[in-house]
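S.K.: Here is what each chain is made of, one letter per residue.
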Amino acid sequence: MKSKKSVPWLSVFGVTALAMASVGCATIPQDAAAATQKPVTIVVASWSGTNVTNGIIDRQLAAFNRSHPGIHAVYRPISGDYETILKTEFVAGDAPDIITVNNGGQAPTFESEGAVIPLNSFIAKSHYSLKDFYPGALDMFVTGSTVYGLPRDQSPLALYYNPVLFKRAHISGPPKTWAQFEADARKLTDVKAKVYGLVQTPQEPRWAQFIYQAGGSVMNPAMTKMTLDTPAALKGFSFFIHLYRSGIAAQPSEVGATWGGQALGMGRAAMTLEGAWAIPYLQDTYPNTHFAIVPLPKGPKNNDSLDFPTAWAITKDAKYPQQAWEVIQYLTGAGEAQWVEQGGLVTVRKSLVHMPYYRTHPIYTNIIKQLPTAVPWTFPNGFDQYVNSTLSNETLLAVEGKISPKEALQQLQQQGQNSLQNGGGN
Amino acid sequence: MAIAAWEPRQGGIKRWRRQEASTAYLFSLPTILLLIGFSLGPALYAFYLSGVSWNLLNTAHWVGLQNFAQLLNMPLFWTSVQNSVVFAAIVMPTQTIIAMIFAVILNQNLPARGLFRLAFFFPSISSSAVTSLMFMWIFNKLGLLNGFLGVFGVNGPDWIGNPQYALSAIMILNIWSTSGYFMVIFLAGLQSIPQSLHEAAMIDGASSFQRFMKIIVPLLKPSTFFIVVMGMIGTLQMFDQSFIISGGTGGPLNSTMTIALFIYQEIFSYGNVGYGAAATVFLFVLVLGLTILTNRWLGKPIDY
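Chain order of the listed sequences is A and B. Residue 1 is where the first sequence starts when you use this note's numbering, and the numbers rise one by one after that. Residue 1 is where the second sequence starts when you use this note's numbering, and the numbers rise one by one after that.
No lab work stands behind these hints, which were simulated from the structure alone. Since we're looking at a predicted model, the values are computed, not measured. Be aware that a few hints might be false.
As the list claims (entries may be wrong) - Derived list of chain B stretches under chain A, where covered just means 3 residues or more per stretch with a C-beta under 8 Å from a C-beta of chain A:
hint, region
1, 48-58
2, 151-161
3, 244-252
4, 269-283
Unchecked claim - Take a look, some chain A residues computed to stay more than 10 Å from chain B by CB distance:
hint, residue
5, Lys87
6, Lys131
7, Gly173
8, Arg186
9, Lys194
10, Val255
11, Asn303
12, Lys350
13, Met355
14, Lys369
15, Leu397
Ideal placement from N, C-alpha and C gives every residue a C-beta, glycine not left out.
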């Protein structure tokens with residue numbers, strides 16, 4: 001949504017980097033002095049994901065601690081309501097030193113209220129290059145020219161399908177266009193057997209890409225205006241709703257699942273739209289269900305996807321921000337390759353896309369194909385309630401046929417405009 | 001004269017009373033401190049917070065009654081009030097009646113009585129998070145309950161995913177998990193009803209249903225009062241089961257949004273501490289008012 005903003009500030013950045021270079025030299029002795037004392041503990045927090053994910057961060061930090069005797073980094077997975085728990089810790093003033101900030105979540109609030117600190121001076125001091133990051137993944141955590149987070153991982157949506165169900169329905173291959181997508185979903189749906197062409201939670205981060213594919217958008221690039229009142233937006237949204245209304249798409253709960261990936265694993269979904277996070281899940285939980293991944297079917301304009309990047313940030317409560325920065329530098333730099341090689345999500349570095357891991361794991365190929373044009377999913381400050389309930393409620397009403405797609409979009413447009421005017425609520 | 005003679009001894013009693021009282025306070029001091037620190041203090045703080053504008057991360061500033069004005073204009077707030085009141089109005093009487101009937105049945109000399117008592121009491125000592133997760137599987141579209149209904153040819157609904165049924169599903173879960181606890185309280189009440197009353201009634205030719213209506217129900221009034229008040233407070237404040245079953249959203253379509261969940265969301269998810277605290281005060285007034293009414297109705301001592 002704001003993917004065009006990266007170029008000007010990157011160049012500004014280069015200049016600052018040069019200017020700050022001499023300052024960086026002056027501070028080195030201080031850091032060296034700190035290193036000879038007792039190791040400084042840096043707490044790294046993230047939501048508790050799958051065992052795969054947690055194991056990776058533990059290993060990354062263990063490797064970091066071996067090569068940095070002055071710093072002891074520990075990983076603290078937060079289970080439960082991640083951002084709520086963080087908020088209470090911010091109030092108490094003892095938040096972890098490093099946290100993962102999420103797309104579309106509280107990241108804008110954390111940034112505007114100063115809960116996470118700007119990284120510009122650290123980046124400049126250590127001549128850290130930001131050029132290798134996908135602009136979409138980085139821009140989400142940049143306000144104006146202030147960098148609040150360095151990208152950790154990302155994944156765009158792609159089309160997951162069950163080849164066995166396709167074969168049984170005599171369909172030669174996965175759909176390439178919206179029309180094929182709908183026709184295939186119809187053939188694949190068997191209501192008696194509780195198998196549906198598409199099983200998907202009816203929520204905005206799973207339908208916004210249809211709007212982009214129809215040539216529309218959710219907000220303007222500067223995120224100052226809702227753009228859900230355009231014919232293109234209506235076309236994309238109506239297509240998504242129509243799949244449910246004609247009975248060839250179902251909500252996960254209708255087949256006893258909690259999300260699309262699970263429904264696919266259970267063999268009750270012929271297709272679903274998910275990101276790379278579903279790969280290790282499906283392989284571990286449903287090893288007997290075959291699945292394949294292809295790029296999203298093309299709409300009237302393109303087959304753009306939505307992207308979901310996350311980033312590492314330093315909190316206001318970090319007592320040793322310099323040491324915390326070293327941890328982030330490690331995690332986003334050398335550690336990054338390790339992260340991706342262990343599976344789970346997609347790299348945020350353009351240079352790593354061609355690494356051998358992806359050649360030996362072709363399942364990622366089609367997900368990576370979506371990256372160049374993927375739109376990062378994000379909303380500005382003050383959209384918490386809009387994202388949490390308004391979007392899903394209006395979508396659900398449309399899916400249940402209580403209101404038309406047009407009425408739903410009108411509501412969303414209007415309530416989004418209200419959120420913009422209130423600009424951050426308090 | 002007589003008064004004068006009594007004087008020193010009365011002073012002794014007073015001193016003794018004072019000593020007694022100070023010892024009593026000393027012994028209850030830890031509890032009093034805990035109550036003030038973790039219960040009364042935060043409650044008073046909530047009253048203060050209902051008058052501020054604060055998002056947890058910025059500095060709070062006083063806005064007076066503005067939060068209440070905003071709150072009363074919020075459709076979502078009224079949805080949550082409606083859900084909570086409907087929930088309490090159905091769950092509280094149902095669980096009270098079920099608990100009373102089970103208590104009377106299990107007070108008889110039945111075979112394996114202990115086993116049944118254990119089975120009925122078991123839900124109330126299980127964690128509500130665990131029982132909620134358990135019921136999510138039972139209420140699953142392809143779950144146990146619908147499988148059971150399928151035997152009778154009923155095509156069960158999507159209990160948790162359908163806004164029409166989600167709150168009912170939580171009602172069933174709540175009744176199941178609290179009836180057992182209240183049953184034990186009724187059992188204790190039943191033990192204190194003198195056996196002679198039953199015997200006298202039996203000699204007079206009263207049927208067991210008459211004895212239930214004329215002896216058991218009236219004499220259980222103190223237990224009933226306690227259970228009605230506790231049940232009302234518990235159901236109006238219901239949070240955990242909604243939170244877990246709806247994944248914290250109060251969905252689908254706000255059908256499981258209770259006042260307590262609304263408060264949690266406003267404060268912690270949306271950073272509207274003032275609105276959340278104002279809703280807390282509203283809930284307090286609602287519970288207080290209903291408790292006073294219940295006290296007028298059931299709280300009188302029993303007249304034989």
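S.K.: Could you run down the list of hints and mark each one as holding or not?
M.R.: Against the structure, the hints come out as follows:
{"no.": "1", "hint": "48-58", "result": "holds (count 6)"}
{"no.": "2", "hint": "151-161", "result": "holds (count 3)"}
{"no.": "3", "hint": "244-252", "result": "holds (count 5)"}
{"no.": "4", "hint": "269-283", "result": "holds (count 4)"}
{"no.": "5", "hint": "Lys87", "result": "violated, 5 Å"}
{"no.": "6", "hint": "Lys131", "result": "holds, 32 Å"}
{"no.": "7", "hint": "Gly173", "result": "holds, 30 Å"}
{"no.": "8", "hint": "Arg186", "result": "holds, 22 Å"}
{"no.": "9", "hint": "Lys194", "result": "violated, 7 Å"}
{"no.": "10", "hint": "Val255", "result": "violated, 7 Å"}
{"no.": "11", "hint": "Asn303", "result": "holds, 30 Å"}
{"no.": "12", "hint": "Lys350", "result": "holds, 34 Å"}
{"no.": "13", "hint": "Met355", "result": "holds, 36 Å"}
{"no.": "14", "hint": "Lys369", "result": "holds, 32 Å"}
{"no.": "15", "hint": "Leu397", "result": "violated, 7 Å"}
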